[in-house]
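Participant: Given the sequences, and given the hints that come with them, work out the whole structure.
If you read the protein sequences in the order shown, they are chains A and B. In the working numbering, each number is its position in the first sequence, counted from 1, plus 28. In the working numbering, each number is its position in the second sequence, counted from 1, plus 28.
Hints may contain errors.
Because identical chains cannot be distinguished in the list, a pair is counted as satisfied if it fits within a single copy or across any two copies.
Unchecked claim - Here are the simulated BS3-like cross-link-like pairs (lysine-lysine), alpha carbons at most 30 Å apart as the crow flies:
1) 330 x 31
2) 77 x 299
3) 77 x 318
4) 67 x 296
5) 119 x 320
6) 322 x 119
7) 67 x 129
Don't read these hints as lab results, they were simulated from the structure. All of these numbers come straight from a predicted model, not from anything done at the bench.
Protein chains: 2
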Amino acid sequence: MLKKVAIGVDIGGTLTKLGIVDREGNLYAHMDFSTTMHKGFGDYLDELKNQIEGLRSQIDFEHEVMGIGVGAPNANYYRGTIEHAANLLWKGIVPFTDELKTRYDLPIYITNDANAAAIGEMIYGNAADMKDFMVITLGTGLGSGIVSNGQLIYGYDSQAGELGHVKIVDNGRLTGLGIRGGLEAYVSSTGIKRTVFYLLSDMMDDSVLRDYSYNELHGEIITKAAEDGDPIAKAAFEMTGKILGEQLANFTAFSHPEAFFLLGGLAKAGKWIFDPTRKHLEENLLPFYKGKVKLLPSGMMKKNAAVLGAAALVWNHLQE
Amino acid sequence: MLKKVAIGVDIGGTLTKLGIVDREGNLYAHMDFSTTMHKGFGDYLDELKNQIEGLRSQIDFEHEVMGIGVGAPNANYYRGTIEHAANLLWKGIVPFTDELKTRYDLPIYITNDANAAAIGEMIYGNAADMKDFMVITLGTGLGSGIVSNGQLIYGYDSQAGELGHVKIVDNGRLTGLGIRGGLEAYVSSTGIKRTVFYLLSDMMDDSVLRDYSYNELHGEIITKAAEDGDPIAKAAFEMTGKILGEQLANFTAFSHPEAFFLLGGLAKAGKWIFDPTRKHLEENLLPFYKGKVKLLPSGMMKKNAAVLGAAALVWNHLQE
Numbered sequence: 029m030l031k032k033v034a035i036g037v038d039i040g041g042t043l044t045k046l047g048i049v050d051r052e053g054n055l056y057a058h059m060d061f062s063t064t065m066h067k068g069f070g071d072y073l074d075e076l077k078n079q080i081e082g083l084r085s086q087i088d089f090e091h092e093v094m095g096i097g098v099g100a101p102n103a104n105y106y107r108g109t110i111e112h113a114a115n116l117l118w119k120g121i122v123p124f125t126d127e128l129k130t131r132y133d134l135p136i137y138i139t140n141d142a143n144a145a146a147i148g149e150m151i152y153g154n155a156a157d158m159k160d161f162m163v164i165t166l167g168t169g170l171g172s173g174i175v176s177n178g179q180l181i182y183g184y185d186s187q188a189g190e191l192g193h194v195k196i197v198d199n200g201r202l203t204g205l206g207i208r209g210g211l212e213a214y215v216s217s218t219g220i221k222r223t224v225f226y227l228l229s230d231m232m233d234d235s236v237l238r239d240y241s242y243n244e245l246h247g248e249i250i251t252k253a254a255e256d257g258d259p260i261a262k263a264a265f266e267m268t269g270k271i272l273g274e275q276l277a278n279f280t281a282f283s284h285p286e287a288f289f290l291l292g293g294l295a296k297a298g299k300w301i302f303d304p305t306r307k308h309l310e311e312n313l314l315p316f317y318k319g320k321v322k323l324l325p326s327g328m329m330k331k332n333a334a335v336l337g338a339a340a341l342v343w344n345h346l347q348e
Numbered sequence: 029m030l031k032k033v034a035i036g037v038d039i040g041g042t043l044t045k046l047g048i049v050d051r052e053g054n055l056y057a058h059m060d061f062s063t064t065m066h067k068g069f070g071d072y073l074d075e076l077k078n079q080i081e082g083l084r085s086q087i088d089f090e091h092e093v094m095g096i097g098v099g100a101p102n103a104n105y106y107r108g109t110i111e112h113a114a115n116l117l118w119k120g121i122v123p124f125t126d127e128l129k130t131r132y133d134l135p136i137y138i139t140n141d142a143n144a145a146a147i148g149e150m151i152y153g154n155a156a157d158m159k160d161f162m163v164i165t166l167g168t169g170l171g172s173g174i175v176s177n178g179q180l181i182y183g184y185d186s187q188a189g190e191l192g193h194v195k196i197v198d199n200g201r202l203t204g205l206g207i208r209g210g211l212e213a214y215v216s217s218t219g220i221k222r223t224v225f226y227l228l229s230d231m232m233d234d235s236v237l238r239d240y241s242y243n244e245l246h247g248e249i250i251t252k253a254a255e256d257g258d259p260i261a262k263a264a265f266e267m268t269g270k271i272l273g274e275q276l277a278n279f280t281a282f283s284h285p286e287a288f289f290l291l292g293g294l295a296k297a298g299k300w301i302f303d304p305t306r307k308h309l310e311e312n313l314l315p316f317y318k319g320k321v322k323l324l325p326s327g328m329m330k331k332n333a334a335v336l337g338a339a340a341l342v343w344n345h346l347q348e
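Facilitator: Right, here's the structure in full:
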C-alpha cells in the first residue's frame, strides 16, 4: 500500500535538517547538510532537492509525498518568502516556495520554527485535543506560536507571535534587535545565562558557575549546578521562572489558552524551570483564570521537533 | 418585501438598551429600560420580551427577526451564560440564552460588550475588509475584542481579550479586581481622571482642573481644558497616550493586527488621545512592524455602538 508522507525541512543558519514524516509523527529518515555550502539560493535549492531524493531512496516502502513543510527564520507564511533573515546568507526577500515549486509540483508551506512547533504540537504533540494554546520555544531566543479557534494566528502580515520581543521593563537588557527590556533577554537559554552572570555580580555565594566564562557556560551546566544545590544556579532558575510566569499570566489575558507548552533548551531543565514558572503564573493570573491554565512540557521535547513541526504544516493543510 | 432584522440588546448595570438593526447597521427603533426594576431573572426576561415586542410594533415594515444578540458583562459565549457579574443583581451563573430561548425560538448569542463592539466593527464599522484587528474600548475600564483570521478570539473558556487587566507595572495603581498595575487603571475614562489627580499632586501649574472634585471631574472637562491649553490636562493626555501606545506596541507582537480601533468615552477626545498614542505606538513598534499598524477611530463612534455590536453577533453567525 502506498504510504502518505510529508517532507519536513528546518532551515537554520548553520544546518538544514530534513526528514520524512507520516501523519502520526513517525520519522522514517532524516539527515542534515550545511545551509552555507552554496553561495546562490538556486544552488541551495538544487542541493535540497538532491538531499530530499536521497532521503526518499533510503526508505524501503512505497510512498507518496503529500507536500513539503519548511521552518525558517523570518519566513512569511502568506507570501512563501524568507525576508531579510539576519542569520542566513540570502539577502533581501527570497521567494522560497515559488522557487522550490519549480522543482517540485507539490503543496509547499513555510513559516517560522515556533509556528511550525505549534502546529506540530497540534498534529502529533500534546495539544491534539486543544483549540486554544501557545507553544513557547526557549532556545537562543524566545519564540512563540499561538493557536486560537484551532488555527495558528499569523496576523496581518504573517508576523504574529513575536512574544520574545514584548517589552517587560523600561531600560532593561539589550536584545538582538537593539531594543531594551525584551522578554527573550531574560527568558531563553541565553537569558538565563545572562541572569547567572548578573547574579554572579550581585551575590557573594560560592558557586561552581564562577569557574565558567560566558562563552563556556550553557544550560546543562546550570541545570547540573542547580541539582547539586548551587545557590546561584537555583536563584537564576527562580528569577527566570518568576519573569516567565508573570508574563504568561499577562499573555493569558490575550487569547486565554488552555495550556502553555514549553519547548527548547531551557525547557529541558524540567522542574527547575517548570516549578517556579507555574507558581508565578498561577499567582499572577486574574481571578477568573486561576486554576484554568496549564503549563505543560511540549510533546515534541524528545523528538526532532523542528523537522516534525515543519512536516506538520502539510498535514494541517490536508485536514482543513 | 420581508426585511431581515436582528435584535441587539446591551445589558448594563443600570440600563438595558435594545434596538432593531438590519444587516447594513441601520437602527430602526431603540429604547431602554431599567435593568434593576425586576428582582428575579425570569421577570427581567419577561420585561425584555415585552420591550422587544413593543419595539417591533413601532416599525412600520414587515420584518423577520433573524436572531437576538446580547452584550453583557461577564458573559460566556460558549455557554450562553452571565457568570458572577459584580454589576448585575443576578448572582452566580445565569443561563441567559437558554432561558431567553424558552421565550423566543430564535438563534440567541451573548458575549461581553468589547467583543460585541469588535464584531460590530467587522460587520458595519471600519474593519469590514480586515481579518486581523483589535477594538479597544476606553470607558469606565479598558475592554478589548481581538479578531484574527477573521474570527473573534474567545479563547478556551470565553475569557480572551481582557487586556485592561494586563499588568504594566509592579506595585502600580489598584484596579477594580484588587490587582495592582493593571492597564485600565491608567488608560480608560477613569484612568485619565486618576492621572489628572496624580498630576495635580505632582505639578505646581495653575489649572482649571483644580476646581473639580474627583467625583465631579469627567472626560469632557479634561478635553475642554486641554483645548484651552491647560498644562495639567495636556500632560494627562500625553501620559495616557504614552502608556497606551507602548502597550499597543506590545500587543502587536501577539496577533499582529492591521489596525487598532479606539472606541468609548476617552476615544471621543480625538486628537488629544490619538496623537500621543500613535506617536508612542510607532516609536515602540518592533522594526518589522513599523509603519504597518494603524491606529483608527472606531466606525461605531457616533452610533449606538453597544446595541449595534450586539446585533452584529447575529449577522456574523449568519454569514459563517
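Participant: If a hint holds in the structure, say so; if it doesn't, say that too.
Facilitator: Status of the hints after comparison with the structure:
no.: 1; hint: 330 x 31; verdict: within (25 Å within a copy, 59 Å between copies)
no.: 2; hint: 77 x 299; verdict: neither (41 Å within a copy, 56 Å between copies)
no.: 3; hint: 77 x 318; verdict: neither (50 Å within a copy, 36 Å between copies)
no.: 4; hint: 67 x 296; verdict: neither (35 Å within a copy, 56 Å between copies)
no.: 5; hint: 119 x 320; verdict: between (45 Å within a copy, 22 Å between copies)
no.: 6; hint: 322 x 119; verdict: between (40 Å within a copy, 28 Å between copies)
no.: 7; hint: 67 x 129; verdict: within (20 Å within a copy, 67 Å between copies)
Checked against the numbered hints given earlier, this structure breaks hints 2, 3, 4; the rest are met.
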